[in-house]
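Quick mapping for you: the protein sequence lines, in order, are chains A and B. Just add 21 to wherever you are in the first sequence, counting from 1, and you've got our numbering. Just add 21 to wherever you are in the second sequence, counting from 1, and you've got our numbering.
If you're looking for bench data, these hints aren't it; they were derived computationally from the structure. Misleading hints may appear alongside valid ones.
Which copy is meant is left open, so a pair is good if it fits within one copy or across any two.
What the hints assert, rightly or not - 27 Å max Cα-Cα, derived BS3-like pairs, lysine-lysine:
#1 Lys127 x Lys176
#2 Lys139 x Lys127
#3 Lys127 x Lys103
Computed from a prediction, not measured in an experiment: that's the story for all the values here.
There are 2 protein chains.
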Amino acid sequence: MQGKNISQVVISRLPRYFRYLGDLKDEGMERISSGELSKRMNVTASQIRQDFNHFGGFGQQGYGYNVNYLYEEIGKILGLDKKHNLIIIGAGNLGQALANYMNFEKRGFFVKGIFDCKEEIIGQTVRGMKIMHTSKIADFIKENNIDIAVLTLPKQGATEIVKTLVECNICGIWNFAHVDLDVPDSIHVENVHLSDSLMKLSFKIHDDEE
Amino acid sequence: MQGKNISQVVISRLPRYFRYLGDLKDEGMERISSGELSKRMNVTASQIRQDFNHFGGFGQQGYGYNVNYLYEEIGKILGLDKKHNLIIIGAGNLGQALANYMNFEKRGFFVKGIFDCKEEIIGQTVRGMKIMHTSKIADFIKENNIDIAVLTLPKQGATEIVKTLVECNICGIWNFAHVDLDVPDSIHVENVHLSDSLMKLSFKIHDDEE
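Next up, chain A with everything else stripped away, as it sits in the complex:
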């Protein structure tokens, strides 16, 4: 695997490269120099060259980068050439918003089921899927080859659910619950703590004012 042993910092930049390259592709651009890409992305050209060197370069001196090739290769490194099956746990506003977000499918992420523990909403439909009870999660994961669970439930419920996910040996958890999860190293977690993000914005505003 090309991406092995790359620093977290470099990896965290790959989705942004992928996003910009997708835009360039949509604009019909075929080649781009590190200098041009640098201007667009507001990072130094040398950082771009260094980052891409980690993955074998993708470029030819003086010719710039082939946009399509680079887009495809970074996509492969990110695992976007593969299909992922997701379940959403927590059918509140955020869970439903994510279930309805079509763009994830374009990248190979397919929502297969949505769960909640509130009896009164079980059976309601979200994007053609009936909301199921959380007690059905373990069976559903096994029967439907689910590799990613999206947690959009209050933190009180998260611990118990995570225990189930660990038992099912889920590959990844995309965690929106307001809590840090305690899972074995074999399970990958990506946190989106929305409140933390809003607090950071608040800090920046007030740090500037005073």
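With the hints as your guide, set chain B onto chain A.
Just chain B now, kept in the frame of chain A:
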């Protein structure tokens, strides 16, 4: 201002400290040593001490930290003792989910208005607020003392809206649009690129597999 010239890395850790201290407070804990906090948060005690020293320490050798005091002080540094008025631009699933998220109010973030450009949903109600047309944003910001705009609209619409926000001299933008914004330094931006986050999770899963 105590927080001046603190590195971004330290600042980015403050919301997490704040979250853990809030939990401790809820559990009725009055004091905690850096060692105990370190175990709970899975960071080194020396990092905790160093981080808190940036803000004047808050602790007394041998006595541990006063949980309530620390919670309040970090809250102040984050600007959470102040009231913020928000508008949400983009009344799709995600915009509505954020509008309905009550916890933000607990921290002093009040959603005052919600906007969209789609004629067919103008006038519909979200959490007691009528969805307004985006053409009304500038007036609304001035009349309602809005300091933060939440962008939950497709990237195609974002550029035009951001121009308006810059003209209104908005303090901060919480950006969920799938695009990096080009704004003057006086306007603070905090990005939540959900797709980038999901791609990072995908990378971790596949990097591990191969």
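#### Entry: Non-conforming hints, listed in increasing numerical order
Nothing - there is no hint that the structure violates, so all of them hold.
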